[in-house]
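Colleague: Sequence:
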Amino acid sequence: MFYSDDKKQYSVINRRTFLLYLLKVSFFGIVGWRLYDIQIKNSQKYKTLSKNNQIDVEIIYPLRGKIYDTNKKVLASNIKVFDVYIIPENTKNINKSLNELNQIIKINFSDRRKIIELSKKVKKFEKIKVLENINWSQLERIESNKLNIQGIFISQDYMRTYHFDNIVSHLIGYTNKPNREEVELPFIANMPNLEIGKDGIEKSFNPNLIGKSGQREIEVNSYGRVIREISRQDSQKGNDIQITIDLRIQQYALNLIKEHKAGSAVLMDINNGNILCMVSTPSYNPNKIIQKPNKEYWDSILENELSPLTYRCIQGLYAPGSTFKMVVAIAGIVHGIIDTNTKHFCSGKIGLGDRLYHCWKNNGHGSMNVSDAIKESCDVFFYEISKKIGIDKIARVAEDFGLGKVYDVPLPNQKKGIIPSRDWKKKKYDESWYPGETLISAIGQGFVLTNPLQLAVMTSIIASNGKNIKPNIIKQNNDIEFEKLEKYQNAIKIIKSSMFKVVNESKGTAYNSRSESAPFAGKTGTSQVRRITVAERESEDFRKKEVEWKKRDHALFVGYMPVENPKYAVSVVIEHGGSGASTAAPIAKEIFQFTKNLEI
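Read left to right, the sequence shown gives residues 0 to 599 (numbering that gives the first Met the number 0).
You may find that some hints are simply not true.
DEER-style ranges, computed between Cβ atoms [to be verified]:
id, residue 1, residue 2, range
1, Asn489, Lys72, 51 to 57 angstroms
2, Lys549, Ile78, 18 to 24 angstroms
3, Lys415, Arg112, 30 to 36 angstroms
4, Asn412, Ser514, 42 to 48 angstroms
5, Lys415, Lys72, 21 to 27 angstroms
6, Tyr433, Lys291, 39 to 45 angstroms
7, Pro434, Ser346, 15 to 21 angstroms
8, Lys549, Val182, 54 to 60 angstroms
9, Asn107, Glu139, 20 to 26 angstroms
If you are wondering where the hints come from, they were derived from the structure by calculation, not from laboratory data. Just so you know, these numbers come straight off a predicted model, no measurement behind them. Glycine included, C-beta positions come from ideal geometry on N, C-alpha and C.
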């Protein structure tokens, strides 16, 4: 019995001894490894630190990704640039060195004085920037004289460049240093001086385009002088982005609309929603914005009353005018208010309450069915049917056809526009909706506001026989399927037939823009920007008189091509262009013809 107890006690002692032994071995193993790390493996590093040196970490900034058009044409990339520095300890006389450099490249006297003053405050081995982004010609002149100028140092860097200046400036955007709020963004948390996208694709795809930072460990002495590089992990270049824009169409369309003071044009591929062209004028040159100094250029942009920074395709809001009549007609057909046999007589005006509502044609159009009313753009027909439809039903159809929406495309600061309804007015103004407001809305005036991209989407949905087209700006390889708005099929068939007549039959408002080589269908729009007085209406030639530019109507056109199996939809808006038929429709015709000739 006693023997058995002693044996158990001996076994417990052995286990405890073994555990203590393991702990001792582990402890001395860790100490031994640490001594090996300090004295052998990283001995040089710790010898450096023992001499009052320290290890600093420098961030290596990544190269920004490129942006391509649909045909792999480079739109934005990075070019090598060269900066000129002076190192005070490498020159006996910094003033003399600056004067000698000034003989090669002009440096403002005030800038030279600032450099001299700065040299007295910084450490003598620190570089002071004298010139940045010098061109090749300047670089060659400095290199050929560098041996005669003490203290000069040339450093290579990269700068963002936009290969086609203002042609895609609104869409692509530009880069610049981050502001205080942007410094906190996670993708540049450790790179506060990295230039980031400020607008357009550059801004929306910052996380993709920026890439990943690298770093290097450097040994510096107690004065901050770099002794050597200890380790290095290179940065990773940002991802490239390919957009759906076809630069050829973009450039051609811009040349057409820049003949006017302000305007825009959007071209979409109906089959997949790809935006092939989205131009806005006036525009700006992003290369001049990122080039320093740029105050003079910035001032010229900010002082321009036409607002070149505004991307009119998504930020310009316009009363859609008669282009909105197609939505009203669809609402009337779907809700059983009208069919192809419904007719209303246009005498040039109708009365509602104590007000008269005029047609654009003073003498009236006579008896009109829906097809004729779209073809000749009769206002009275749409006044009449809108009274029966009501604004709420019109609003729901408008939203189904892409109006009053912000699209899921990577373009910042889209404007939603306004598709009014009873609830909207109550929330906005705390007022009731009046019947006369329905009439005004039915011809695309009053509260109704849309942007050109929305009008292009609306036209795409009609042209595609009711596919719920979603616009897309990033090139994708996979096929896109859109759901079909089945309830609108019959109505769309009638509208498409009417749009064909607008362009291709006499009395059609766009008949003068018809094309035999590239037949298309569409709808004109003329959007009033001011109220026309009774005296003006009674004057037979008031529409022919010269009017101050700001008081002229906006000119609009929407359309699709070809007539059979449509592939492209367009919207054109020319601010204060006068008539949609005479100004916007011819531009759409040229864009369609050019696109067809490309055979894409």
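Colleague: Against each hint, give a clear statement of whether it holds in the structure.
Modeller: Here is how each hint holds up against the structure:
1. One distance hint, 51 to 57 angstroms for the beta-carbon pair Asn489 and Lys72, is violated here, with the actual separation near 43 angstroms.
2. Between Lys549 and Ile78 the beta carbons are some 41 angstroms apart, a value that contradicts the proposed interval 18 to 24 angstroms.
3. Range check, Lys415 to Arg112: Cβ separation about 52 angstroms, and the 30 to 36 angstroms hint is violated.
4. Remark: the range hint 42 to 48 angstroms for Asn412 to Ser514 is contradicted by a beta-carbon distance near 35 angstroms.
5. Between Lys415 and Lys72 the C-beta distance comes to about 32 angstroms, which lies outside the given range of 21 to 27 angstroms.
6. The supplied range of 39 to 45 angstroms is broken by Tyr433 and Lys291, whose beta-carbon atoms lie about 55 angstroms from each other.
7. At roughly 20 angstroms, the beta carbons of Pro434 and Ser346 sit within the given window of 15 to 21 angstroms.
8. A hinted range of 54 to 60 angstroms is violated for the C-beta pair Lys549 and Val182, which are about 41 angstroms apart.
9. Hint check: Asn107 to Glu139, Cβ distance near 22 angstroms, so the stated range 20 to 26 angstroms holds.
Of the hints listed earlier, those the structure fails to meet are numbers 1, 2, 3, 4, 5, 6 and 8, in rising order.
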